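In terms of our numbering, the sequence shown opens at residue 73 and continues consecutively.
To be clear, the hints were calculated from the coordinates, so they are not data collected in a lab. Quantities reported herein were computed from a predicted structural model and do not represent experimental measurements. For each residue, glycine too, the CB sits at the ideal point set by N, CA and C. Mixed in with the good hints there might be a few duds.
Capping the alpha-carbon separation at 30 angstroms, the derived lysine-lysine pairs in DSS-like fashion look like this [as the list claims (entries may be wrong)]:
no., residue 1, residue 2
1, Lys141, Lys121
2, Lys154, Lys169
3, Lys114, Lys78
4, Lys141, Lys154
5, Lys78, Lys169
6, Lys121, Lys78
Label-pair distances were calculated between CB atoms; the ranges are [stated by the list, open to error]:
no., residue 1, residue 2, range
7, Arg148, Ser95, 35 to 45 angstroms
8, Glu110, Gly165, 29 to 39 angstroms
9, Ser136, Ser109, 27 to 37 angstroms
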Amino acid sequence: MAKGTKYSQQFKEDAVRYRQEHSDLPLSRAAANLGISESALKTWCRTAKEHEGAVPTRGSGNYSSDEAKEIARLQRELRDAKDALEVLKKAIGILGK
């Protein structure tokens, strides 16, 4: 698949389980059977080992609570407002001369 392809947490955990159940297969063959890259499968297996079998996923929908989602939204909004303020300050500096 293309770089940046998003896989669901369930798919990742199933891929790790497949690798564990077919440990006799080389990693490259197991990855090819699943249609994913060898490095992705290797990373997921390592992550699953570190997180007791779970493979956490990143993304905009993965917040631990509604509060965490709201905090992330407010942080983005604050960052955008600060960026806009910097642009306005520069514009005032240019036009004031």
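Taking the hints in turn, this is what the structure says about them:
1. For a cut-off of 30 angstroms, the pair hint linking Lys141 to Lys121 stands: about 27 angstroms separates their Cα positions.
2. The hinted pair formed by Lys154 and Lys169 meets the criterion: a straight-line CA distance of about 23 angstroms does not exceed 30 angstroms.
3. Only pairs whose Cα atoms come within 30 angstroms are accepted, and Lys114 paired with Lys78 is accepted, the gap being roughly 16 angstroms.
4. A threshold of 30 angstroms between alpha carbons decides the hint, and for Lys141 with Lys154 the separation of about 20 angstroms falls inside it, so the pair holds.
5. Taking the CA atoms of Lys78 and Lys169, the gap is about 50 angstroms. The hint is violated against a cut of 30 angstroms.
6. For the proposed pair Lys121 and Lys78, the alpha carbon gap of about 21 angstroms is at most 30 angstroms, so the pair holds.
7. Taken as a hint, the range 35 to 45 angstroms holds for the pair Arg148 and Ser95, whose Cβ atoms sit roughly 43 angstroms apart.
8. Checked against the hint of 29 to 39 angstroms, the pair Glu110 and Gly165 fails, with Cβ atoms roughly 53 angstroms apart.
9. Separation of Ser136 from Ser109 is about 29 angstroms and conforms to the stated range, judged on CB atoms against 27 to 37 angstroms.
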